Amino acid sequence: MRLLITRPLPDRVLEAARARFEVTLRDSTRPLSPEELRRALAEHDAVLPTLGDLFRAEVFADVPQPRARILANFGVGTNHIDVAAATAAGIAVTNTPGAVTDATADIALTLMLMTARRAGEGERLVRRGAWEGWHPTQMLGLHMTGKRLGILGMGRIGKAIARRAHHGFGMEITFFNRSPVADPSVPARQVGFAEALGADIVVVAVPATPATHHLVDAAALGQMRPGAILVNIARGDIVDETALIAALAEGRLAGAGLDVYEFEPEVPAALRAMENVTLLPHLGTAALEVREAMGLMAVENLLAFADGRPLPNAV
Numbered sequence: 001m002r003l004l005i006t007r008p009l010p011d012r013v014l015e016a017a018r019a020r021f022e023v024t025l026r027d028s029t030r031p032l033s034p035e036e037l038r039r040a041l042a043e044h045d046a047v048l049p050t051l052g053d054l055f056r057a058e059v060f061a062d063v064p065q066p067r068a069r070i071l072a073n074f075g076v077g078t079n080h081i082d083v084a085a086a087t088a089a090g091i092a093v094t095n096t097p098g099a100v101t102d103a104t105a106d107i108a109l110t111l112m113l114m115t116a117r118r119a120g121e122g123e124r125l126v127r128r129g130a131w132e133g134w135h136p137t138q139m140l141g142l143h144m145t146g147k148r149l150g151i152l153g154m155g156r157i158g159k160a161i162a163r164r165a166h167h168g169f170g171m172e173i174t175f176f177n178r179s180p181v182a183d184p185s186v187p188a189r190q191v192g193f194a195e196a197l198g199a200d201i202v203v204v205a206v207p208a209t210p211a212t213h214h215l216v217d218a219a220a221l222g223q224m225r226p227g228a229i230l231v232n233i234a235r236g237d238i239v240d241e242t243a244l245i246a247a248l249a250e251g252r253l254a255g256a257g258l259d260v261y262e263f264e265p266e267v268p269a270a271l272r273a274m275e276n277v278t279l280l281p282h283l284g285t286a287a288l289e290v291r292e293a294m295g296l297m298a299v300e301n302l303l304a305f306a307d308g309r310p311l312p313n314a315v
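Numbering (full-length UniProt numbering) for the sequence shown: 1 to 315.
Simulated from the structure, these hints should not be mistaken for lab results. Please note that the accuracy of each hint is not assured.
[To be verified] Keeping only pairs whose Cα atoms sit at most 25 angstroms apart, straight-line, the calculated DMTMM-like set for lysine to aspartate or glutamate is:
{"hint": "1", "residue 1": "K147", "residue 2": "D183"}
{"hint": "2", "residue 1": "K147", "residue 2": "D82"}
{"hint": "3", "residue 1": "K147", "residue 2": "E36"}
[Claimed, not checked] Between beta-carbon pairs, the in silico distance windows are:
{"hint": "4", "residue 1": "A61", "residue 2": "T209", "range": "33 to 41 angstroms"}
{"hint": "5", "residue 1": "H213", "residue 2": "G251", "range": "22 to 30 angstroms"}
{"hint": "6", "residue 1": "R128", "residue 2": "G251", "range": "35 to 43 angstroms"}
{"hint": "7", "residue 1": "A119", "residue 2": "L311", "range": "24 to 32 angstroms"}
{"hint": "8", "residue 1": "S179", "residue 2": "H135", "range": "18 to 26 angstroms"}
{"hint": "9", "residue 1": "A194", "residue 2": "A273", "range": "25 to 33 angstroms"}
Quantities reported herein were computed from a predicted structural model and do not represent experimental measurements. C-beta atoms are modelled at their ideal positions from N, C-alpha and C, and glycine is treated no differently.
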């Protein structure tokens with residue numbers, strides 16, 4: 001089987017893939033171009049794509065008889081792949097759930113703490129030589145212990161965030177989820193969307209789908225508590241970035257912690273200029289052992305396909 005891997009991956013993953021497949025490794029870190037997308041489907045039996053490789057419906061339409069039979073996505077989110085169009089073209093789609101859970105939850109807590117305690121702002125103060133020394137009213141932030149957390153989306157990652165917040169900080173957990181959650185893993189209340197938005201800190205952890213596009217829009221932001229903090233570790237377009245900028249500029253929110261952006265890697269100048277916004281470059285799973293686990297899970301999906309076995313992580 002001819003396998004295209006669309007970005008450089010950890011050595012362990014490449015070794016595992018090369019042990020079984022004829023691998024073409026693309027050395028660019030940028031997403032596939034439209035022409036590369038079409039060639040990927042036409043010239044390879046399998047593709048291991050990732051975030052930003054936009055396999056939209058029109059790509060499948062442009063290759064009516066694709067050679068490819070599986071897209072083994074590197075990552076849990078598949079909003080860059082039109083799964084229905086892939087299925088209609090006879091192409092299976094898999095992802096890598098589980099491997100990303102704890103690392104992404106860790107980044108959520110990182111953003112919560114950094115934004116609540118103004119850590120990014122404080123570091124910039126020190127780095128530019130403007131710190132004049134400790135005093136009792138300097139850079140007073142939000143004490144996170146015991147506060148209320150609202151989680152939008154109580155899947156694997158939402159539950160992992162809840163555990164960290166409850167066990168580590170004694171936070172009261174509320175969450176919004178479109179279906180009932182029998183076991184949230186910690187004491188927590190499933191509430192309506194508006195009540196979840198009324199927490200001291202709100203974390204976005206829903207998958208990106210057409211239904212969740214701009215889920216957190218101007219109206220939703222208007223329902224948040226004055227002085228609250230919004231954290232997004234899911235996908236950028238779940239939050240209406242223009243509306244978020246307006247809410248921050250008007251002082252309706254205390255701050256925001258963002259690991260993802262609506263049009264990444266573009267980050268609006270207005271966000272970059274705000275001291276009360278923590279900005280990370282999509283670090284959710286950026287740890288070697290995590291990226292290795294993700295890649296090996298993708299390879300296992302490919303091996304199962306090649307062997308005619310049930311796909312472990314079919315989307």
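Hint-by-hint comparison with the structure:
Restraint check: the Cα-Cα separation between K147 and D183 comes to about 22 angstroms, which is no more than 25 angstroms; the hinted pair holds. Of the supplied pair hints, the one linking K147 and D82 is violated, its CA atoms being roughly 39 angstroms apart against a limit of 25 angstroms. Of the supplied pair hints, the one linking K147 and E36 is violated, its CA atoms being roughly 48 angstroms apart against a limit of 25 angstroms. Checked against the hint of 33 to 41 angstroms, the pair A61 and T209 fails, with Cβ atoms roughly 21 angstroms apart.
In this structure, H213 and G251 meet the distance hint of 22 to 30 angstroms, their C-beta atoms being roughly 27 angstroms apart. Between R128 and G251 the beta carbon distance is about 24 angstroms. The supplied range of 35 to 43 angstroms is therefore violated. In this structure the hint that A119 and L311 lie 24 to 32 angstroms apart at CB is violated, the actual value being about 42 angstroms. Distance hint check for S179 and H135: the Cβ-Cβ separation is about 50 angstroms, which falls outside the suggested range of 18 to 26 angstroms.
Range check, A194 to A273: about 31 angstroms between beta-carbon atoms, so the 25 to 33 angstroms window is met.
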